[in-house]
Structure formats: structure tokens, C-alpha cells
Amino acid sequence: MNEKLKTPELAAVEVDVEGGDLSRSDVILKGALAAGAIYGSTMVSPFVRRALAMSESGDVGILNFALTLEYLEAKFYEEAKSRAKASGELKSLVNLLAEDEQQHVEALAATVKKLGGKPVAEPKFNFDYSDTAGFLKLAQTFEDTGVSAYNGAGPMIKSKEVLAAAGGIVQVEARHAAAIRLQNKEEPAPAAFDSPLGEKQVLKAVEPFIV
Amino acid sequence: MADIKQLKDPVSRRRFLAVGGGSTALAAFLAACGDDSGTTTNDTTAAMGSGGGASETAQFGKGDVGILNYALTLEYLETAFYADVVKSGLFKGAELETIRKFGREEAEHVQALTAAVKQLGGKPAPEPKAEFPLKSAKSVLELAGTVENLGAAAYLGQAANIQSPEVLASALAIHSVEGRHAAVLNTLLGESITPDGAFAKPADVKTVLKSVEPFLVG
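Chains P and A supply the protein sequences, listed in that same order. In terms of my numbering, the first sequence opens at residue 1 and continues consecutively. In terms of my numbering, the second sequence opens at residue 1001 and continues consecutively.
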């Protein structure tokens, strides 16, 4: 899988993960029964597989993974201010999202440092779009992916403080996702549950935009 | 490297003392918590669940069952609210479709939470009897906005208290949908999609229950 990675930063996050808390998977497997209640018994296996796909990286690794996603979003909206040809209501939305994502970047970097870790470096990004519609399509992908990435990582977080902080961020990502979907004339809340995504799936979604 | 105790008991940090048994009726709880309304709970403290070892949701059951039943009670109220709004005839077209969709999603949350409580060996909280003021489309949208923003904050307030990673995964999957609903309603109302700024704030149990109290009947 590392061969497929174009980004040394994300690979570094994965390497970091090696010494992590392996016991977590055991806990999750034991909880599979409970998951059946929520997702329906036929969905237990894929759900557990998804949850386990997130590397057992410890809180610093998870935070650095989230930080990479927030770098991507922050850069994307910062650029969009001049590239997305947005006007009126959408222009205000772009400014708001740029500001929120930048605050997420700063908060996550600060939390990594507080835990004694080293914030991952900001990758270089390349966003391929030429008009407002192209921008909105990418924005929807990034926001929906962000929500599912946080939801997938949540149960791996050990510190209550980190979990509460991540929860405060993911709800804002969900609000962004809904607002962008409204702009795209799509269902703002397409399903009753925002299913979790594992690390590999998230990487797959964002890889094309990292150079 | 990892410390051994942690490996043996990886959920210990999330473990808190679950006090009290059985599920007290919501109304009785509300009456009881009216007595110490002078106390304000700090948002952060609530989010961390550091209430001196006592569970905020003990009135709804022990541990995760209590948290799930608390969420179930709120989802029952949301479901009933949207059903009444649909019946009211105040909305048409796209807005009505949005309300129907949100109502269906809340009903799915009710089903999932009920099943989860049973799966954990608990008794699902009863559906509260509720009445909602349905005077005008505008006032209904405002109430919907209040309810959804509060619902999202309620889940956020409990996330760090949940012991089971599976229950947490499920609560998170619902939490962000409540956030989506809240953003849509805020948009319809011409309000900010992120009223708390870049970081959503949690709400503690007492605040949430006080806010829904006016709609409970009997």
C-alpha cells in the first residue's frame, strides 16, 4: 500500500502507527454484537472491517491524519477564494469554510504538540477544477470524506479530551457538508447514518490531490 | 511504549461510575432537576463527563444504556415533532420533502437506538408524550432549528462518556447527521450554519432536558 502513496507525509503517519495500541481491535471485535443493533446484523462484518481499517496509531497518529485532511481543506478553500468564481451567498460560504478549516488546522497542530508529538508537515496540493461547479463537486467530496474520516477515527481515540475536540470538529464538517450539498442541489443529509471510513479509504479519496 | 495496564484495559479511561439503576420516568427526572437550577454546568466539564464519577444520564439507565436511552428520548421527540409538522399542512414542495426526509431519518435513529439498548441488555426508554406549537411555518422552522442544534449538541456532550467503541461509532454516525440537519435548518432560517464557530459546543443533559420540557405533556 505504501507504494501507492504519493505522499511521504501520509506514509510517515502510517509508519508512526506501528507501535500503537493493538488492544483496540480486540475491543472492537467484542463490540461487533452491539454494532449489529445499529447497522443491522448483515452489516456487522463490513462495519467492523471498516472500523479496523483505520490504523492503530494512537492519538497523535490520528490527530496527524486529521491534520493532513484539514490542511487539504484549508488550502482548497483558501485557493477557492480567487479560483472558484464564487459570488453572493457562495462567496460568503467559501470565506466561512476557509476560516473554519484554518482554525481546525491550528487546533489539531496545537493538540499534537500538547501530546508531545510532532505535527505532520503540510503536503503540497493540486486541485483540478476550472469553474464553480467543479469547485463545488470537489468540496462535497472533501466534506463528506472528512465527516466519515472523523467518524471512523472517533472510536480509536483514547483521550476523552481529544475525542471531545474531534467531536466538535466533525459536527462542523457535517454542517459544511450539508451547506455544500445544498449548493449542489443534492440531499444535504443523504442517509440517517454517516458511515465511518477507514484510513485507507480516506487516503484513496484524497490521494489524487496530493502532489 | 504502551503501558501494560492500558493494553489490558484499553477502555478504562472511558469508564465512569454508573450510579443508579432502572429508568426513572423523564417527567420525574425533570421535576427533580428543577430543584437545583442554580447550578450551571460548564460546557467542557459536561463534554468530558467529569461529574465526579456520577453519570449525567444515570436517570435513563446504567452506562451506555443510559446514554442510548437519553438519545432515544430525544430522537422520539424529534420524530414526533416532524410527524406533527408534516400533518400540520404548513409546508409544501421542497420544504415539505426536506421535513419528511428528516423525519424518516429521526425515525431510523429511534429504531437503531432501541435495538442497541436491547442488544446491551437494557430496557428502551418509553416514548414521551409531547405537543409542539405549530402556529406558522416560520415559528415551526425556528423550533426545528432549535431542536436539531440542541440534538447535535446533546450527542456531542455524551460522546466522551460512551464506553463501548461500537456504541460510540454508532453515536458518531448519528451525531453528524444531526449536524447536517441543523445546518440545513439554519440555512432556511438565514442563520449561520456554524453558530458556535469552527468548533461545535456540547450541551449537558440538564440543559437539553430543560429545553425540551415545555413540549412534554403529562
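Incorrect hints may appear among the rest.
Only some residues are given here: those of chain P computed to face chain A with a beta carbon under 7 Å [to be verified]:
| # | residue |
| --- | --- |
| 1 | Asn151 |
| 2 | Glu186 |
| 3 | Ala189 |
I should point out that these hints are in silico values taken from the structure, not numbers from a laboratory. None of the values given here were measured: they were computed from a predicted structure. For glycine and all other residues, C-beta sits at the position ideal for the given N, C-alpha and C.
Verification of the hints:
1. Asn151: 5 Å, holds
2. Glu186: Violated: closest Cβ of chain A sits about 12 Å from Glu186 (chain P), beyond 7 Å.
3. Ala189: Constraint on Ala189 (chain P) satisfied, holds at 4 Å.
The structure shown violates just one earlier hint, number 2.
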